Amino acid sequence: MTIDTFCFNPFSTNCYIVSSEGESVIIDPSCHSAEEIQVVIDHIEQSDSQLKRMLLTHAHIDHIFGCADISAYFGVGLEVHGSETLLLERAEFQSQMFGIECKPPPKPVRIIEPGERIRFGNVEWNVLHTPGHSPGSVSFHDMKHRTVFSGDVLFAGSIGRTDLWQGSMPVLMDSIFQQIIPLGDDTRVLSGHGPETTVGQERVSNPFLTDHPDIG
Numbered sequence: 001m002t003i004d005t006f007c008f009n010p011f012s013t014n015c016y017i018v019s020s021e022g023e024s025v026i027i028d029p030s031c032h033s034a035e036e037i038q039v040v041i042d043h044i045e046q047s048d049s050q051l052k053r054m055l056l057t058h059a060h061i062d063h064i065f066g067c068a069d070i071s072a073y074f075g076v077g078l079e080v081h082g083s084e085t086l087l088l089e090r091a092e093f094q095s096q097m098f099g100i101e102c103k104p105p106p107k108p109v110r111i112i113e114p115g116e117r118i119r120f121g122n123v124e125w126n127v128l129h130t131p132g133h134s135p136g137s138v139s140f141h142d143m144k145h146r147t148v149f150s151g152d153v154l155f156a157g158s159i160g161r162t163d164l165w166q167g168s169m170p171v172l173m174d175s176i177f178q179q180i181i182p183l184g185d186d187t188r189v190l191s192g193h194g195p196e197t198t199v200g201q202e203r204v205s206n207p208f209l210t211d212h213p214d215i216g
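Just so we're aligned: 96 in this note's numbering is position 96 of the sequence shown, and the numbers increase by one with no gaps anywhere.
Hints were generated in silico from the structure; no laboratory data involved. Keep in mind that this is a model prediction, so the values were computed, not measured. Watch out, some of these pointers could steer you wrong.
Said to hold, decoys possible - Straight-line alpha carbon distances no greater than 27 Å define the calculated DSSO-like cross-link-like pairs of lysine-lysine that follow:
id, residue 1, residue 2
1, K144, K52
2, K52, K103
3, K107, K52
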């Protein structure tokens, strides 16, 4: 499994292109400008893999900027948890709220369900429902490669904000302690913003977690 990470748009949002045996998926196509979109197109076309799926950890505007262009160019549909569809439909409102243009994303071709398996190449991920930052936030866990793509649930040294629509600090903390922490200290955490970290590093040093009664 090969993971290529790109940081795009004014919100510095991570986009991941993951490849295995000639097939690839893109997680959170955050590319915003024409130049950023071209970076993604060039990278995929110059690789030895075919883009099979476009997955969202959630549908906040900074994670969906490139959905329309990537879908149109490569002919891949959008996949997201059902509780995020309203955010997709309200992309224009999100644009106005943050003062930045976003092309209307396509309607999802598939609804991602917690517990389902995402398969491509020789890779298999388990879908974890990790709400709190948004109602339908999901994380993609690769047990074989000890990696989780956590979206905006957990960051290096921080956690996702909960002051946006249907955000909830108690729900977010429950997601972290019930879904992410049990993955094991050696699990790599690739999040929606910032550098990669590990579950263990965050368990012992993240200030939002170390004072929590569930830690230990």
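> Which of the listed hints are not met by the structure?
Replying inline: No hint contradicted; all consistent.
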